[in-house]
Amino acid sequence: MSASYRVMLLLILPLVMAPVLVLDGWILHTLARQSLSAFHPSASGTITHSEVVRDEDSYGFEARYAYEVGGRAYEGSRYRHGAWSSSNRGRVEDLARRFPVGASVPVFYDPESPGDGVLITGVDGMYLFLLMFMTPFNMVMLMGVRHVLRGGEEGRLGVFKRAGRVHVRLTDEMSPLAVGTIAVGCASFVSMFVLAIVMSVYPSLMVAVLAWVAVIATGVIFAKRQHSKLAALDPDLILDERNQMLSVPSCDGRRNRLSVPWSKVKSVFLDQRPYEYSDEGTMTVMTLWCPTLEISAKPNQTLAQWSDKHKAALLVKWLQARLPHAKGVEKV
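Just so you know, my numbering puts 97 at position 93 of the sequence shown, and the rest follows in order with no gaps.
These are calculated hints, taken from the structure and not from any lab test.
Treat the hints loosely; a few may be bogus.
[Said to hold, decoys possible] Keeping only pairs whose Cα atoms sit at most 25 Å apart, straight-line, the calculated SDA-like set for lysine to any residue is:
#1 K315 with V183
#2 K315 with W266
#3 K233 with W266
#4 K165 with V183
#5 K268 with A317
#6 K315 with P303
[What the hints assert, rightly or not] Listed next, with one range per pair, are the computed distances between beta-carbon atoms:
#7 D312 with G29: 36 to 44 Å
#8 A36 with L262: 50 to 58 Å
#9 V213 with D256: 49 to 57 Å
#10 S62 with G159: 44 to 52 Å
#11 W30 with L262: 41 to 49 Å
#12 V213 with P104: 27 to 35 Å
#13 V26 with K321: 36 to 44 Å
#14 V24 with M290: 38 to 46 Å
#15 F197 with S263: 50 to 58 Å
#16 L17 with N304: 14 to 22 Å
Being a predicted model, the structure only gives us computed values, none of them experimental.
Beta carbons are placed, not taken as given, at the ideal position from N, Cα and C, and that holds for glycine.
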């Protein structure tokens, strides 16, 4: 990642993250308050106002109720935390029938702030729908943050550690985590629209839970498929620092892995090769950039064949810094 591109991301990402984080905070705060209300004490109250309010194509429910706590009178107007209008008229009318004027109802109040009360407690499908609504945006935000944090040479090359050894992924295939993350984001986006159309944003708790199970299962399935695909490709260049060994994956006609002692690597250089391919009947020539090992008493070994010269040069530079005997210059 170039310095200018990284600076641009650092400037743009906070602007994108700010509204997402604000909405996340509001949803989680509302979810926490509604969940905690189920454990609050209750007082007997009376509905003093109950009305279905229409605003163009949306319907909302307004209620007011009176109650007493410790001999002090209170009046509330919130029937639940995070309620809003929707196009589901039947649901709103059900609330009006449930809380008619004059009805005696339990009011669940915050013992530290008795004036903060609600008529309905606990989590329902609406809150899980809200979390699903934000999931695609959160996935994009997390991938952006990860892209910035991994913007150095090792991030560009896909370097990671496993079982005490350093791996470099010599393929453009995405990691299972990235594939699973994208799958979760896409599945939640589709599920959100289905629930919004079929159930007018107010799914039952069971339906919302099943939708989340489907979303998470989709992510797991796609991540496992990608893991199996990468396991079959076996594309990692592996550096065993303890034993000073290099494990080179198959490439350029080399069918099996090759184990090379670090001391045998004389140099690492960047080679280039022409590559011809047919594009709608027209032969096109492109250049492949090949990080290559020069090994004592063995033929040169190609590590990868990339069209991205910058990435190939980064790998050469990175290996030269890691392997004590590996020096070299770009060969063209």
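Results of checking the hints against the structure:
For a cut-off of 25 Å, the pair hint linking K315 to V183 stands: about 22 Å separates their Cα positions. With a CA separation close to 22 Å, the supplied pair K315 and W266 stays within the 25 Å bound. Between the alpha carbons of K233 and W266 the distance comes to roughly 29 Å, so the proposed pair goes past 25 Å and is violated. With a C-alpha separation of about 19 Å, the suggested pair K165 and V183 falls inside the 25 Å cut-off, and the hint holds.
Restraint check for K268 and A317: the C-alpha separation of about 21 Å stays at or below 25 Å, so the hint holds. Between K315 and P303 the alpha-carbon distance is near 24 Å, which keeps this suggested pair within the 25 Å criterion. For the pair D312 and G29, the beta carbons lie near 39 Å from each other, so the given range of 36 to 44 Å is met. Against the hinted window of 50 to 58 Å, the Cβ-Cβ separation of A36 and L262 comes to about 55 Å, which satisfies the hint.
In this structure the supplied range 49 to 57 Å holds for V213 paired with D256, their Cβ-Cβ distance being about 51 Å. Here the CB-CB span from S62 to G159 is close to 46 Å, well matched to the stated 44 to 52 Å. The hinted range of 41 to 49 Å is not satisfied by W30 and L262, whose Cβ atoms lie roughly 55 Å apart. Checked against the hint of 27 to 35 Å, the C-beta distance between V213 and P104 comes to roughly 31 Å, which is consistent with it.
Against the hinted window of 36 to 44 Å, the Cβ-Cβ separation of V26 and K321 comes to about 41 Å, which satisfies the hint. For V24 and M290, the Cβ-Cβ distance of about 39 Å falls inside the hinted range of 38 to 46 Å, so the restraint holds. Remark: the range hint 50 to 58 Å for F197 to S263 is upheld by a beta-carbon distance near 52 Å. Range check, L17 to N304: Cβ separation about 42 Å, and the 14 to 22 Å hint is violated.
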